[in-house]
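Asker: Read top to bottom, the protein sequences are chains A and B. Going letter by letter, the first sequence gives residues 1018 to 1254 in our numbering. Going letter by letter, the second sequence gives residues 962 to 1480 in our numbering.
These are calculated hints, taken from the structure and not from any lab test. Hints are not guaranteed to be accurate.
Under the rule of at most 25 Å between Cα atoms (straight-line distance), these lysine-lysine pairs were calculated in the PhoX-like manner [claimed, not checked]:
1) B:Lys1015 with A:Lys1063
2) A:Lys1063 with B:Lys1024
3) B:Lys1097 with A:Lys1064
4) A:Lys1244 with B:Lys1458
Chain A regions said to be covered by chain B (calculated; three or more residues, Cβ under 8 Å) [stated by the list, open to error]:
5) 1051-1064
6) 1090-1100
7) 1199-1209
8) 1223-1232
Keep in mind it's a predicted model, so treat the numbers as computed, not measured. Quick reminder that beta carbons are idealized off the backbone N, C-alpha and C, glycines included.
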Amino acid sequence: MEDIGSFLLWCVFPYLALGSFVFGTIIRFTFFRDTITAKSSELLEKKLLMIGSILFHVGIIFVFFGHVIGVLIPKAFTDWLGIPNEIYHIGALVMGGIAGFMALAGMLILSHRRFANKRVFKTSSFSDLVVDLAFLVVIVLGLAASLGEGLFLHPEFNYRLNLSVWARQLFYFRPDFHLMLQVPIVFRIHVICGLLIFAFFPYTRLIHALTLPWQYLFRSPEVYRRKPNIRGDHNRG
Amino acid sequence: MKVKAQISMVLNLDKCIGCHTCSVTCKQTWTNRPGAEYMWFNNVETRPGVGYPKKWEDESHYKGGWKLNRKGKLELRAGSKVNKVSLAKIFYNPDMPNLDDYYEPWTYDYQTLFGKETKHQPVARAKSQITGEYMKLNNGPNWDDDLAGSDRSFGEDPNMQNIEADIKGNFEKTFMMYLPRLCEHCLNAACVASCPSGAMYKRDEDGIVLVDQERCRGWRFCMTGCPYKKVYFNWKTNKAEKCTFCYPRIEEGLPTVCSETCVGRIRYIGVILYDADRVQEACEEPDDTKLYQSQLDLFLDPNDPEVIDQALADGVDMETIKCAQRSPIYKMAVEEKIAFPLHPEYRTMPMVWYVPPLSPIMNYFEGKNSIKYPELIFPAIEEMRIPVEYLANLLAGGNTEVIKNALYKLAMMRLYMRAKTSGKDFDPEKLDRVGLTEESATSLYRLLAIAKYEDRFVIPKSKKENIEHVEDDQGGLGYEECDGCALAPAHGSMLRKAKAGMSTKDIYAESFYGGIWRD
C-alpha cells in the first residue's frame, strides 16, 4: 500500500506536473497570447522593487542553472573529469548557497512589498499571491535541504546518487521510486513543491520567463509594419 | 531615396486658450477604463510649469530620447541593448517614472451626498481608484493649471534654466502660455527602438506609432525611451498604451478626436512625404540648434515629379500624394517655416509641430503707430512677454533666430491684414522683408485665422477595401461574436468570386446543390 503511494508520488505526479507545464504553455501561447506579460508593478512601487527584484531574479537564475547542472550531469562524468566529490560538494554548496540566499532575500523583500504595500496588494491577483508564497516556501525548503541536511543532519547524504538519478530517469520514462525513498524528507518536500510550481507555471505570471526578448539584440531599432494588401496592387487611388 | 508618408499635426499655440476640451474628449474616447485612469494621451500644460509627468523634460533624470555617443552615433540615452541586458535593467528599470510622478487617480465617495439630512453638510471624500481607500490629494491632473507665475512652476521648468535670472524671479515679468501635448509619432521613435518584444511599431502607411497589445510583454523600456513621456503603463492589463492618433478615424479620413473638438480650431492635420533613408543621418547632426533644420531637410516636395515617381514606387498611393500636395502641415512647416518641432534636441524627429504664440507683445506694441511703422515689430519681438529664448528652448533646440523669423512673419501678417481690412495703406515691401507676398500673407491669414475645416484637415482615406474583405464585413463589423447577425460574411466569398471573373452560373453551381445553399 505504501508502495502505491510512493509510486503515485514519484512516478505519476511528476508527469502530471510536467504535463501540465507543457500543456499550459502551449495553450497560453496559442490561445491566450495577449495575456502574457511580465506583470510589472514598478509603476506602483519602485524602491523596494529595485533591491527585491534584482536580488531575486539574479539569484533564481543561478539557482535554476545550478539545479540543471546538479540534476543533469551524472556523478560519473565529474569523476571522469577528476573532480573529487568533496570539492564538487563544497563548490555546489557555496555557489548554490550564495544564489539561494540572494533569491531568498529578494523574495522576502518582494513578499513584504506585495502584502504590505497597499497599491501592490490591491492590484494583485490571487495567482500573484500564490506564486509569491510558493516561491518563498520552495526557496526556504531548498536552502533547508541543501544546507541543513547537507551540512548538519545527514552530511553523508549525496543527492547525486539517488535524487538526480531519479530525475534523469523521468526524462526516459523509467523512474524508480525506490531511489526517492532514500532521500531525506526535506528534499522530498522541496521536490514536490518545485514540481507544483512547474505545474502552475504557465497559468500564472511566471510565463514571462519563457518570453525572453532575445530577438531584440538582433533587430533594427525602428520597426515598420503594414497592413497586408489583399488586392496586391500598391499604386491605388 | 525612400519615400514614406507621415500623418502629422501642427498646433497653433497663438490661439490655444487652455480649455482642455481636447484632453477631455480624448479621455472619454480612449482612457476611461480601469488601469488607464491616470493616462492622458492628450494633455494641456501651463507653461512655464512642471508638466505631466512632473518635470518630464528633465532628461538627465528620466533618460528619454537619443544622444550621440563618443563616435557621434545615435544611442538611446537610457542605454544600449547590451547595457540593458548586462545591468539587469530588465528586472528593474531605474529610469521609469512611477505613479506619483503622474498622480494617483481618484474618484469621490458620492454616496455620502445622498444620505439623510445631517447637522453638517456632507462632503464627498476622495477615494483612490487603485487602492479604494480615502486619500489626501496633493497632486492631480493639471495641478499647476494657470499657475505659471508661481515660484514652483518657474523653478521646476527645465526650459527656464537657460533664461536670464532676472526674468525668473520678477513677478511683473511673469508670462504664461498653454502647451497641448500628445504623442509625437516620431520619425525616429525612441519608444519603438526601446521595445524588447517588438510590440511597438510605426505604421508603414502613415507613420502612426502603435503598441501591439498581443506582443507587448510589459518590459516598460518604451516609457523610459519616450522623451515626451507619452507611453503609459496600464496597471490592470500590465501593458503599454499610448496615443493612437485616433487611427480608426484617420483611416476614414476624419481628424483625431482632439482636433475635431478643438474649440479654438488650433489643430491642423495633414500628410507629409519624407525621405526615410536619411532619417538617421539627420538625427546625427551634432549641433542641437541645427536639428530643426536637419529635420526640415528630410521633408520632400510633393509636387516634384521625381518625388512622386519614387513615392509611387515605394508604395505610397496616389490619394496620399494628392493630400500631401494640399497639406497644411507642409505649408506651415516647410513653405512658411512658422511651425516647429517640440524639443528637436531629443533627436526623435517628432511630427507634432507648434506655431509659437505671439499675442502678448502685440497688445503692448500694436497700438498707435504700428501700421504706419511696421518695422517697429522687429525690436518688439525681442521685448516679448514670453521670452524668445523660452520658445527657442521649447521648439528649436535653443535656436532663437528661427523662432524670431517666424514671429516676425506672423506679426507682419497681422499688421498687413489689419491695414487691409481697415482700408489703410501698407507698403508691400515690408512683407517682402519677412518673406511674405500679398498673396501668401492672405492665404496664411485664411489658414491661421479663418481656419476652415477643410483647410485644417487634409487626410487621405486608408483604402480599406484593399486591406480588408469589406464585402464580408458589410453590416457585420463589430458583431463578430453574434452568429447570424449579418449575412454578408456568408455571401462575401461569392461576391469575391464574381469580381475575380467567375460566371454567376459557376458560382451558383458551386454554392447551391440541388437548389439547396451549401454553407
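Asker: Decide, hint by hint, whether the structure agrees.
Answerer: How the hints compare with the structure:
Distance check on the hinted pair: B:Lys1015 and A:Lys1063 sit about 16 Å apart at the alpha-carbon level, within 25 Å; holds. Distance restraint check for A:Lys1063 and B:Lys1024: the Cα-Cα separation of roughly 16 Å lies within the 25 Å cut-off, and the hinted pair is therefore satisfied. Simply put, B:Lys1097 and A:Lys1064 have alpha-carbon atoms about 21 Å apart, close enough for the 25 Å limit, and the pair holds. About 23 Å separates the Cα atoms of A:Lys1244 and B:Lys1458, which keeps this hinted pair within 25 Å; it holds.
Look at the region 1051-1064 of chain A against chain B: 12 of its residues bring a Cβ nearer than 8 Å to a Cβ of that chain, three or more, so the hint holds. Note: the region 1090-1100 of chain A has 0 residues with beta-carbon separation from chain B under 8 Å; the three-residue rule is not met and the coverage is violated. Here's how the region 1199-1209 of chain A fares: 0 of its residues keep a CB closer than 8 Å to some CB of chain B, so the rule of at least three is not met and the hint is violated. Coverage of the region 1223-1232 of chain A by chain B holds. Counting CB-CB distances below 8 Å, 4 residues qualify, and the rule asks for three or more.
Violated hints, in rising order: 6 and 7; the structure is consistent with all others.
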